[in-house]
Amino acid sequence: AQSVTQLGSHVSVSEGALVLLRCNYSSSVPPYLFWYVQYPNQGLQLLLKYTTGATLVKGINGFEAEFKKSETSFHLTKPSAHMSDAAEYFCAVTSAAGNKLTFGGGTRVLVKP
Amino acid sequence: DAGVIQSPRHEVTEMGQEVTLRCKPISGHNSLFWYRQTMMRGLELLIYFNNNVPIDDSGMPEDRFSAKMPNASFSTLKIQPSEPRDSAVYFCASSLGEAGSTEAFFGQGTRLTVV
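Protein sequences, first through last, are from chains A and B. Quick note: the first sequence uses our numbering, first residue 1, plus one each step. Quick note: the second sequence uses our numbering, first residue 1, plus one each step.
What the hints contain is simulated information worked out from the structure, not anything from laboratory work. Mixed in with the good hints there might be a few duds.
Under the rule of at most 25 Å between Cα atoms (straight-line distance), these lysine-lysine pairs were calculated in the PhoX-like manner [stated by the list, open to error]:
1. B/78 / B/68
2. B/68 / A/100
3. A/112 / A/69
4. B/24 / A/100
5. A/68 / B/68
6. B/78 / B/24
All figures in this text were calculated on a predicted structure; none of them were measured in a lab.
Using the sequences provided together with the hints, build the complete structure.
So, in structure tokens, the structure goes:
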């Protein structure tokens, strides 16, 4: 079985400040990891994903995440927050053998001017 | 491509009524997923299909829920009879291939309110 834990259901950052969203996973097989973003009244949109290879992955809108196997983590970062980053962010896990995503509880990001 | 299309966007119904949610996946995608999102439970996978065949329906809450995929371009999620606790946003998503590395594309969701 796989699971995802996102620390902090709400995060508030100032515009221009670092955004750090934490994600830890549990998986008995090598994981495939994803970050999705959900804007108000919208569906989920893929930000980035890790499958194999380079552990630092870059996504859209200046976000990146690093897979750390030893820490079972896949934290999402962005060096400088923009007002348009206000949204809810979901970490998800699956595996090479599976196709269904297991999502974390989500982290809602508020960006203060 | 227009993306995953869901209808209706909003549905308000009375308890006990039948509700049917519809989804048109991205053309060429062969996997389709139905998710439910609530404040209390977050995003839950209800059922997923591969090549129109239900693969895993372990997330379907109870017999009141049923899903069909009669062809590669259409799926329905039916709730009968509906109850207030079914109020949620229901998302449909599709992806290409079976491998876990493929990206799932989500529709805009159907917001269901059962009164």
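Hint check:
{"no.": "1", "hint": "B/78 / B/68", "result": "holds (8 Å)"}
{"no.": "2", "hint": "B/68 / A/100", "result": "holds (18 Å)"}
{"no.": "3", "hint": "A/112 / A/69", "result": "violated (33 Å)"}
{"no.": "4", "hint": "B/24 / A/100", "result": "holds (19 Å)"}
{"no.": "5", "hint": "A/68 / B/68", "result": "violated (39 Å)"}
{"no.": "6", "hint": "B/78 / B/24", "result": "holds (15 Å)"}
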